[in-house]
Structure formats: C-alpha cells, structure tokens
Amino acid sequence: RKEVEQDPGPFNVPEGATVAFNCTYSNSASQSFFWYRQDCRKEPKLLMSVYSSGNEDGRFTAQLNRASQYISLLIRDSKLSDSATYLCVVNDNAGNMLTFGGGTRLMVKP
Amino acid sequence: DTGVSQDPRHKITKRGQNVTFRCDPISEHNRLYWYRQTLGQGPEFLTYFQNEAQLEKSRLLSDRFSAERPKGSFSTLEIQRTEQGDSAMYLCASSLTVFYGYTFGSGTRLTVV
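As given, the protein sequences belong to chains H and D, one line each in that order. Under the working numbering, the first residue of the first sequence carries the number 1, and numbering increases by one thereafter. Under the working numbering, the first residue of the second sequence carries the number 1001, and numbering increases by one thereafter.
So here's chain H without its partners, still in its complex pose:
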C-alpha cells in the first residue's frame, strides 16, 4: 500500500464548477498535512497547510479526517488557471521529511 494515495484523474470540469479531491494516508502518526500545486514541468508549490479544524483560503477549503486518515481539497468557482496537478503531502513518522502522493490532475475547461 502506498503511503499517500490519490486518484490520478484527470478531473475535467467546466469553469465555475466546484470540484473536490480526496487523499488517504497510511501513517497514523503523521502530524503535518499539505496540499501542493504543480504546473506542467514546474516545481511543486505550497498551496495550503491542512489543519485538524479545517481551513479555508479564498476558493480553496482543506479538511482533515484523522480517524479515517484522509484529507480533502475543495475548489469552488473553478478558474481556467486552476488547471494543474494537486499533490497531497504528509510528514513521516519522525517528522523529518514529507511524503508526496502521486497527484491528481485537474483540467478546467471554458
């Protein structure tokens, strides 16, 4: 079983749609959770941290469910510029490094 699992997609949605991605992780001791965004042939960039209480940043909402060991990302009112790969990320047991999921590809169409 992979440490961090994501549906690779692609998710094809029209502009203005709401889209949600889920991710599951295997390490119950993980304490830090993130969503990164990666554009084609570019480096990953931190989109947002994910807190136990959930957090929102504009059109983006992240949720954490520790009991079920999954993380979600909700994007409201999708823009063409949201087209990218979204990487789910958790820290390892010792807290020293981050493990990345394979990414979920989003394509927002006009």
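If you are wondering where the hints come from, they were derived from the structure by calculation, not from laboratory data. Don't be surprised by glycine CBs; every beta carbon is placed ideally from N, CA and C. Some clues are possibly wrong.
Residues on chain D that point at chain H, a partial pick, calculated with CB under 7 Å [unchecked claim]:
| no. | residue |
| --- | --- |
| 1 | G1042 |
| 2 | F1045 |
| 3 | V1098 |
| 4 | F1099 |
| 5 | F1104 |
Given the coordinates of chain H, assemble chain D onto it according to the supplied hints.
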C-alpha cells in the same frame, strides 16, 4: 533572489557519464532535501540534510548516487555511471521545519541518452 536555486536547469548526458547537480537553499533554512520525480508521479524522497549532516537516505539512492552539503549551505548531488532509468526531474527543497512545508527549487531535468 531569496528562493531555492538549482543548477543546471537541464542536463543531457550519455549513458555511463557522471553528472553533478547543485542546490542553493534559502539561506536561513538548515534543512535541505533532494527528491526525484518522473512523469506522472509525485516527488520521491532521496536524501535529507540538517546543516551539513546527511541524516536520512532512501533505498532509492543506489551506490551510484552521492550527496554532500559540505558547509551546511549549498548541496551537490552526483550520479555516477548514469543509466537511462536515471532520467527524471531532480528537485531540491529547503525548510526551517517540516511543519511549515518545503520550498522547492525549479529542478534539474536530467535526460540520459
């Protein structure tokens, strides 16, 4: 420029040659990481430094791979006797603490022909 810098951006090499990549982290960051990413996959951890000490290495890091961070500032990743399977994007990242996430450099794209 206060970001993470990687050099070169692209490298094409013949199979069997040695290559070396450089990473300059954000100056205040004591943690430095190397990852490898192939098409359609997420980044895979290779190795991690805290200051000049290499504290963790992945099983992915074969004997042909070596990394250094001699003075706790920049780091180099060397691949000896390159193979076609080494073709990938090599990403460097730095952080103060993993709890705030990483900042990545632009990566070095290696093509072994």
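Structure-based check of all given hints:
no.	hint	verdict
1	G1042	4 Å, holds
2	F1045	6 Å, holds
3	V1098	5 Å, holds
4	F1099	5 Å, holds
5	F1104	4 Å, holds
The earlier numbered hints are all upheld by this structure, with none contradicted.
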